[in-house]
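K.L.:
For the record, the sequence lines run as chains A, B and C.
Every position in the first sequence, counted from 1, becomes a number in our numbering once 246 is added.
Every position in the second sequence, counted from 1, becomes a number in our numbering once 246 is added.
Every position in the third sequence, counted from 1, becomes a number in our numbering once 246 is added.
Please note that the accuracy of each hint is not assured.
For lysine-lysine, the following DSS-like pairs were computed, each having C-alpha atoms within a straight-line distance of at most 25 Å [claimed, not checked]: (1) Lys421(C) to Lys421(B); (2) Lys490(C) to Lys414(B); (3) Lys503(B) to Lys540(C); (4) Lys256(A) to Lys334(A); (5) Lys455(A) to Lys490(C); (6) Lys548(B) to Lys413(C); (7) Lys455(C) to Lys556(A); (8) Lys320(C) to Lys556(B); (9) Lys334(A) to Lys414(A); (10) Lys540(A) to Lys421(C); (11) Lys542(B) to Lys282(B); (12) Lys548(C) to Lys540(B); (13) Lys455(C) to Lys413(B); (14) Lys422(B) to Lys548(C); (15) Lys421(C) to Lys527(A); (16) Lys421(B) to Lys527(C); (17) Lys490(A) to Lys422(C); (18) Lys414(A) to Lys490(B); (19) Lys490(A) to Lys320(C); (20) Lys542(B) to Lys542(C); (21) Lys542(A) to Lys503(A); (22) Lys540(C) to Lys548(A); (23) Lys282(C) to Lys490(A); (24) Lys542(C) to Lys556(A); (25) Lys455(C) to Lys334(C); (26) Lys312(C) to Lys347(C).
Some but not every residue of chain A turned toward chain B, in silico, with C-beta under 7 Å [claimed, not checked]: (27) Phe366; (28) Asn369; (29) Val402; (30) Tyr420; (31) Thr442; (32) Gly500; (33) Met544; (34) Trp546.
Listed next, the stretches of chain A that the computed footprint assigns to chain B, with coverage defined by at least 3 CB atoms under 8 Å from CB atoms of chain B [what the hints assert, rightly or not]: (35) 263 to 276; (36) 313 to 323; (37) 344 to 357; (38) 403 to 417; (39) 552 to 558.
Keep in mind the hints are simulated off the structure, nothing from the lab.
The beta carbon of each residue, even a glycine, is placed where N, CA and C say it ideally should be.
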Amino acid sequence: MQFPSPVAVKWIADFIGAKIIGNNIGYATGINEIHKVEPGDLVFVDHPKYYEKCINSNASFIIINKETAVPEEKALLLVNNPFDAYCKIVQHFRPFEPSSKMISSSATIGEGSFIYPNAFIGNHVSIGNNTIIYPNVTIMDHCIVGHNVVVQPGTVIGSSAFYYNTKKDREVWYKKMPDCGRVIIEDDVEIGAGCTIDRGVSHDTIIGKGTKMDNMIHIGHDTVIGKNCLIAAQVGIAGVVTLKDGVTLWGQVGVSKTLTIGANAVILAQSGVGGDLEGNKAYFGSPVQDARVKQKEMVWVKRIPELWDKVMGKKGGG
Amino acid sequence: MQFPSPVAVKWIADFIGAKIIGNNIGYATGINEIHKVEPGDLVFVDHPKYYEKCINSNASFIIINKETAVPEEKALLLVNNPFDAYCKIVQHFRPFEPSSKMISSSATIGEGSFIYPNAFIGNHVSIGNNTIIYPNVTIMDHCIVGHNVVVQPGTVIGSSAFYYNTKKDREVWYKKMPDCGRVIIEDDVEIGAGCTIDRGVSHDTIIGKGTKMDNMIHIGHDTVIGKNCLIAAQVGIAGVVTLKDGVTLWGQVGVSKTLTIGANAVILAQSGVGGDLEGNKAYFGSPVQDARVKQKEMVWVKRIPELWDKVMGKKGGG
Amino acid sequence: MQFPSPVAVKWIADFIGAKIIGNNIGYATGINEIHKVEPGDLVFVDHPKYYEKCINSNASFIIINKETAVPEEKALLLVNNPFDAYCKIVQHFRPFEPSSKMISSSATIGEGSFIYPNAFIGNHVSIGNNTIIYPNVTIMDHCIVGHNVVVQPGTVIGSSAFYYNTKKDREVWYKKMPDCGRVIIEDDVEIGAGCTIDRGVSHDTIIGKGTKMDNMIHIGHDTVIGKNCLIAAQVGIAGVVTLKDGVTLWGQVGVSKTLTIGANAVILAQSGVGGDLEGNKAYFGSPVQDARVKQKEMVWVKRIPELWDKVMGKKGGG
Chain A
247 MQFPSPVAVK
257 WIADFIGAKI
267 IGNNIGYATG
277 INEIHKVEPG
287 DLVFVDHPKY
297 YEKCINSNAS
307 FIIINKETAV
317 PEEKALLLVN
327 NPFDAYCKIV
337 QHFRPFEPSS
347 KMISSSATIG
357 EGSFIYPNAF
367 IGNHVSIGNN
377 TIIYPNVTIM
387 DHCIVGHNVV
397 VQPGTVIGSS
407 AFYYNTKKDR
417 EVWYKKMPDC
427 GRVIIEDDVE
437 IGAGCTIDRG
447 VSHDTIIGKG
457 TKMDNMIHIG
467 HDTVIGKNCL
477 IAAQVGIAGV
487 VTLKDGVTLW
497 GQVGVSKTLT
507 IGANAVILAQ
517 SGVGGDLEGN
527 KAYFGSPVQD
537 ARVKQKEMVW
547 VKRIPELWDK
557 VMGKKGGG
Chain B
247 MQFPSPVAVK
257 WIADFIGAKI
267 IGNNIGYATG
277 INEIHKVEPG
287 DLVFVDHPKY
297 YEKCINSNAS
307 FIIINKETAV
317 PEEKALLLVN
327 NPFDAYCKIV
337 QHFRPFEPSS
347 KMISSSATIG
357 EGSFIYPNAF
367 IGNHVSIGNN
377 TIIYPNVTIM
387 DHCIVGHNVV
397 VQPGTVIGSS
407 AFYYNTKKDR
417 EVWYKKMPDC
427 GRVIIEDDVE
437 IGAGCTIDRG
447 VSHDTIIGKG
457 TKMDNMIHIG
467 HDTVIGKNCL
477 IAAQVGIAGV
487 VTLKDGVTLW
497 GQVGVSKTLT
507 IGANAVILAQ
517 SGVGGDLEGN
527 KAYFGSPVQD
537 ARVKQKEMVW
547 VKRIPELWDK
557 VMGKKGGG
Chain C
247 MQFPSPVAVK
257 WIADFIGAKI
267 IGNNIGYATG
277 INEIHKVEPG
287 DLVFVDHPKY
297 YEKCINSNAS
307 FIIINKETAV
317 PEEKALLLVN
327 NPFDAYCKIV
337 QHFRPFEPSS
347 KMISSSATIG
357 EGSFIYPNAF
367 IGNHVSIGNN
377 TIIYPNVTIM
387 DHCIVGHNVV
397 VQPGTVIGSS
407 AFYYNTKKDR
417 EVWYKKMPDC
427 GRVIIEDDVE
437 IGAGCTIDRG
447 VSHDTIIGKG
457 TKMDNMIHIG
467 HDTVIGKNCL
477 IAAQVGIAGV
487 VTLKDGVTLW
497 GQVGVSKTLT
507 IGANAVILAQ
517 SGVGGDLEGN
527 KAYFGSPVQD
537 ARVKQKEMVW
547 VKRIPELWDK
557 VMGKKGGG
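Please construct the entire structure, taking both the sequences and the accompanying hints into account.
P.N.:
Structure representation (structure tokens):
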């Protein structure tokens with residue numbers, strides 16, 4: 247999320263009760279995913295394991311619970327509980343803003359677009375031209391939908407991320423990260439029925455121009471799908487994934503978080519992707535492998551009985 | 247389901263045209279799942295295979311189609327068609343009660359809670375305080391939602407169970423069991439978008455305090471999820487399953503019916519669980535195995551070609 | 247799709263600017279799937295690979311981009327771009343007809359049926375007697391729902407097919423085939439919550455009498471499900487599939503396109519079906535195999551270490 251205008255680090259320190267270490271005259275321009283962070287951004291860190299990664303990232307302002315060295319152009323904001331401080335900032339700039347109307351009066355809808363009955367269009371949503379939103383679709387606050395887009399019935403755009411702060415010594419182990427990102431649906435995208443696309447926690451979830459999605463597809467927070475991808479029914483993609491252009495995922499494929507799939511890769515049905523994959527190749531299996539390697543492996547498994555007979559059979563085994 | 251007040255066995259016998267064998271002065275207190283049944287409960291059985299299990303269960307009143315011995319504190323209710331008799335009782339105490347309002351006038355909604363437009367709240371539903379129900383959510387009759395609960399858009403709570411009486415010599419093989427159970431969502435639970443949680447057939451489906459569910463999760467009838475469980479997107483859990491506290495299920499896991507997963511077990515993505523699992527361990531595969539055993543197995547499969555070459559190669563094979 | 251009345255081939259040629267080769271006095275009766283096509287039907291073909299199949303099919307009228315020989319009772323309609331010509335015809339006979347009412351005034355609803363609030367019933371939909379449509383259900387234009395049907399909350403009937411004309415030298419690679427087929431739900435069918443059933447592209451998607459579907463099931467375009475089938479939660483069936491009567495699919499099964507599963511076949515949970523299967527047998531695995539063969543294979547894999555020790559152990563390997 248970009249802030250509406252740059253925010254003085256002194257104001258932020260005051261607001262969350264932090265001590266500033268380092269650059270105390272700077273201005274923060276936004277909040278971002280640690281994988282996407284840019285100069286000017288504010289992030290938080292509360293676990294020693296991630297201190298260094300955070301301080302050495304592109305972020306300019308770091309909410310932290312330990313006093314430590316920091317490059318002079320950056321600032322640490324020292325507090326006891328960085329998670330709570332972060333939540334306070336997000337909720338200030340992106341407060342819960344309930345809507346009681348089926349189409350919010352702050353939403354804009356382009357020429358030639360049609361919204362069916364029972365669709366919900368939240369606050370500050372922008373919908374382009376010649377776009378069709380079918381019945382029982384939900385588009386939550388701040389999402390952006392392009393031109394010539396089709397959203398089939400029952401689909402949800404902008405649901406909240408499945409992303410929690412975990413501490414198992416509390417009564418409630420998991421506390422939700424408040425989210426301030428959006429979903430951006432580019433032009434010429436078609437989304438099937440019953441899909442769910444989570445908004446970014448702090449960055450945006452993006453579906454690239456010309457991509458086509460079948461029914462019941464789940465897209466996690468801050469995930470970026472390239473142009474002209476083809477995603478078949480019941481695929482699930484976790485958070486902070488990158489699909490390059492022209493990727494094809496067949497039915498019921500699962501993709502784990504924070505990984506990248508290269509351009510024009512094809513993932514065959516029911517595969518499970520757990521790490522980065524090169525483009526321009528076909529993959530299969532759970533866990534996924536090069537499709538030809540996996541196919542050979544399936545043939546090898548069929549040969550075990552022959553091997554067994556050869557080794558054991560003549561010696562009275564089997 | 248508990249009856250509104252205890253019901254005389256004589257009234258029940260009269261109502262369904264049954265002959266009473268055994269205790270004819272008792273009062274039935276409710277109807278229950280055979281796996282959950284308690285003294286005072288009424289059950290039915292129509293297949294000789296289950297006669298003994300039913301008669302020896304905690305149930306006090308058994309609708310049955312065969313005269314047989316019964317402990318003296320219990321009663322058999324002898325009819326030709328126990329399934330039809332059972333349906334008649336359920337439909338009497340839990341009749342179809344259509345609602346034409348988006349929020350039923352018999353529903354109660356706590357302080358600080360917000361119901362978005364296009365959400366449907368059925369008859370006798372109870373929603374606690376500070377709970378958010380997003381657009382296009384459906385909560386069917388008699389369900390109970392606690393405090394500080396979030397239900398993301400498009401989710402269905404209290405859909406009917408997938409549970410049928412089967413006879414393949416009828417024109418329609420499968421006849422629905424009428425359901426009289428509820429869904430109970432405890433405090434601090436968060437449920438993602440596009441989930442479906444079936445109500446209990448005769449017991450309740452329960453989501454324990456602090457449990458967090460991602461999008462498109464299916465929970466079957468009479469299933470009980472413990473506290474602080476974490477369930478990732480597109481998981482499916484069948485009916486009458488027990489998840490103990492702190493269980494984690496990763497994406498697209500499937501769990502078969504009437505089994506128990508122990509506390510703090512972790513089931514890796516796309517696994518298929520077909521039987522009980524001990525707690526405090528990680529599992530993987532379809533069918534599921536101890537994750538380390540499964541990982542070793544995957545390595546062994548890779549070694550078949552080496553084995554083949556060794557055994558066959560020198561003898562002209564391969 | 248049947249045309250409202252037979253349409254002269256000369257009118258069609260005129261409408262799309264085609265040259266007629268062959269029978270120029272015939273009447274086309276409808277548009278159909280190439281797998282389902284009948285005499286009188288109009289089809290299109292734009293790829294040399296499919297010219298012969300199309301010309302030798304039952305179709306009487308073929309929109310094509312190459313002049314070629316044709317049996318005398320048939321006609322070719324020669325155009326530069328058969329896909330665009332086909333789209334023009336479909337959109338003429340099945341124009342986009344938006345509805346702003348929750349229940350279209352052209353829909354008919356039988357006696358004893360109940361439509362819950364927030365359900366959307368499109369134009370020309372027909373619903374039989376004693377059918378229940380739960381909240382937040384969407385039934386799109388032209389679909390037909392029989393008697394004694396139950397559609398649980400959030401389900402979508404008649405969403406658009408995931409079926410595209412592909413050309414990777416355009417900016418947008420995938421262009422949607424306009425669809426003119428319907429969904430037909432026969433009597434005594436029950437459909438769970440959160441399902442999506444796509445309408446046929448040119449034929450109909452059919453759910454046979456007495457079939458029961460659990461939650462979150464996806465059914466592709468032009469697929470025909472037999473009578474008394476049982477489909478568990480989160481199953482996905484692609485387009486143009488045939489399930490014969492009495493087929494059982496357990497949870498999370500995936501079925502690929504244009505194949506047939508024989509009567510009374512049982513597919514175990516999480517299996518992936520990639521080709522035709524004979525009836526009256528059980529299957530398991532991804533890709534699917536005869537269940538007994540697959541079970542034996544799983545046992546053989548467990549024996550690799552023993553084989554390894556035997557072969558390698560005594561020679562210092564392992």
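K.L.:
Which numbered hints does this structure break?
P.N.:
Hints 1, 5, 6, 7, 8, 10, 11, 14, 19, 21, 23, 25, 26, 28, 33, 35, 36 not satisfied by this model.
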